[in-house]
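K.L.:
Whenever a hint applies, use it, and build me the whole structure from the sequences.
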Amino acid sequence: MKSKKIGLYIRVSSDKQVEEGFSLEAQKDKLIGLANYEKKDYIIYKDGGISGKNTDDRMELKRLLEDVDAGILEAVYVTKISRLARNSRDLENILHEFKKNNVTFKSIGDGIDTSLQMGEAMAKFLGIFAEMERNLIIEQTRTGAERRAREGKIYGSGPIMGYDRDYSGRKTKIVVNEEEKQIIQQIYNLYLGGHGYKAIANRLNKNGYRTKKNSLFAINTIKTILSNPLYAGYIQYGKYKDWNIKRRKGRTEDPIFVEGEHEAIIAKEDWDKVQEQMKNNPRRKLAPVGKYILAGVLCCPECGSKVVGTKSVRKNKEGKRIEHLYYTCSQFHNKGVTACHSNGVRVDLIDKIAFKKIAKDLNSEELTQNLYEYIKNNTINMDSDKGQLRRLEIRIDELEKKKQKLRQLSIKELITDKELEEDLATIAAEINQYKQSIEELNIETKIKHREELDITIDDVKSFLKNISILFNTKNENKRLKVKELVGLIVDKIEIIDKSKADMKIDLKFDDILYRSINPSFPQGETFEYKKS
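Quick note: the sequence shown uses the numbering used here, first residue 2, plus one each step.
In short, the hints are calculated from the structure, not lab data. Note that the structure is a prediction, hence the values are computed from the model and not measured. You may find that some hints are simply not true.
To be verified - Using 27 Å as the maximum straight-line C-alpha spacing, the simulated DSS-like pairs for lysine-lysine come out as follows:
{"no.": "1", "residue 1": "K207", "residue 2": "K224"}
{"no.": "2", "residue 1": "K199", "residue 2": "K307"}
{"no.": "3", "residue 1": "K403", "residue 2": "K419"}
{"no.": "4", "residue 1": "K505", "residue 2": "K466"}
{"no.": "5", "residue 1": "K274", "residue 2": "K199"}
{"no.": "6", "residue 1": "K214", "residue 2": "K154"}
As the list claims (entries may be wrong) - The calculated label-pair distances, taken between Cβ atoms and stated as ranges, are:
{"no.": "7", "residue 1": "D271", "residue 2": "L326", "range": "31 to 39 Å"}
{"no.": "8", "residue 1": "N190", "residue 2": "N215", "range": "19 to 27 Å"}
{"no.": "9", "residue 1": "R64", "residue 2": "D459", "range": "39 to 47 Å"}
Just so it is clear, CB atoms sit at the ideal spot from N, CA and C, and this is done for glycine as well.
P.N.:
Here it is, written out as structure tokens:
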């Protein structure tokens, strides 16, 4: 059997975080030194310049957890527990994965070793303190930013269209970028002249102007510039609270709004006029849910971007308002003709054609056979499950017998009462771990499901037919259900020839659907069907 390795995980939040004990090199040297001392082979997992507030963006941590699950690692080492997680919930989930796969965890700077009796409890305890430390840093940063804002100083370090950062003095300040200033003033003048967000973005893009990050101007870019008081010479802070969690729902009633130290680009009177105009502009009514069913899966035939729903209202000869819904290229909708073209298609026409084609594919013999074989081939292997269950039960029996032998040794006074107590505690913990593994893997339930199930091709055919019926319905009240279903079974729709309404539809089947046929099917699996 191939020997397992040690996973050495290192992370820094930013390139500036290079103080002794936290730089990537310093962490790596310490961990490699320990692995070499223990004569263990190791794999290094390095997340550089990534915050520890959550695990979503840490690709190397994800790779480590995949290797843990695959049985490649026997232990994971870090220099400090905060390198692994600064959120107690994330830490608990990670430690749970380690424990489930019999992987021990060491934090050498904190003296944590989960192979020892109190190791896991101490790790969780320190995880709470790591989260408290992170929250304290956030609060200190917020306090510093708030103080700078109240003094009229710029805060943050991101690029600002219309300004450059001047680092020549003791403190950073912003100075006007003359070229970008012209663009900002043009945006305000166009808006006050009656142009909308999209029209402004379209004109700028066509004239070759680009944002600070060299991107095309979009609707949201224009709207953000028009609503930013920075351009009128003011600093605003605290408009939203807990943005990462609450987003726009966290809007505060009394944000800081003070005159800044920087030079204004727009006159305060003009900025006020723009705010009033934006406030009085009638908000576009959102289309009722279920109107644009294929938005999110239908692709623009020119650039391949997903489409968005738009509406066109015209009057006929009798003066009656006629409304048509369209699917329009999202790039064109947000950035204008420089990015792409409208490529609009009528919702009622394209939906009808797409639904008919989806229903036909769902009832095809090819799809039925492919899905049937996929479900059968991926159903949990009963013999393997029984074997795994048996191995765990045998190990528990062996440990129970070992407990009896230890008690006999104690009676014969071959070991002390303290040694007996310590050994029994270790064995009890190991038995509980195996019992938890049986419970977590849910092996008995899975095997029971598998033995009760006898999936036939007719079951799959009936399942697909029931889905296809919804796509043939003309009941408007069921459109919401159809939209939900599209998200579960359609990967993407490509228009091959708009004039002939020819399209290519790639289907996928979320595990929610095929687990309704077979509850023992593994979660997270997705079946894809691309018709040749």
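K.L.:
For the pair supplied as a hint, K214 and K154, confirm whether the alpha-carbon distance does not exceed 27 Å.
P.N.:
Given pair K214, K154 holds - Cα atoms ~23 Å apart, limit 27 Å.
K.L.:
Has the given pair, K199 with K307, been kept, meaning a C-alpha gap of at most 27 Å?
P.N.:
Distance ~18 Å between K199 and K307 Cα, so the pair holds.
K.L.:
How does the Cβ-Cβ distance of N190 and N215 compare with 19 to 27 Å: does it lie in that range?
P.N.:
Holds: the Cβ-Cβ distance is about 23 Å, inside 19 to 27 Å.
K.L.:
CA of K505 to CA of K466, is that 27 Å or under?
P.N.:
Roughly 20 Å between the alpha carbons, so the hint for K505 and K466 holds.
K.L.:
CB of D271 to CB of L326, is that within 31 to 39 Å?
P.N.:
Between D271 and L326, where Cβ atoms are some 37 Å apart, the hint holds.
K.L.:
Could you grab the alpha-carbon distance between K403 and K419 and see if it respects the 27 Å cut-off?
P.N.:
Distance ~17 Å between K403 and K419 Cα, so the pair holds.
K.L.:
Given the proposed pairing of K207 with K224, does the C-alpha separation stay at or below 27 Å?
P.N.:
Judged against 27 Å, a Cα distance of about 18 Å means the pair holds.
K.L.:
Should the hint that R64 and D459 are 39 to 47 Å apart at their CB atoms be regarded as holding?
P.N.:
Between R64 and D459, where Cβ atoms are some 42 Å apart, the hint holds.
K.L.:
Straight-line Cα separation of K274 and K199 no greater than 27 Å?
P.N.:
19 Å, holds
Every hint, counting from the list given before, is met by this structure.
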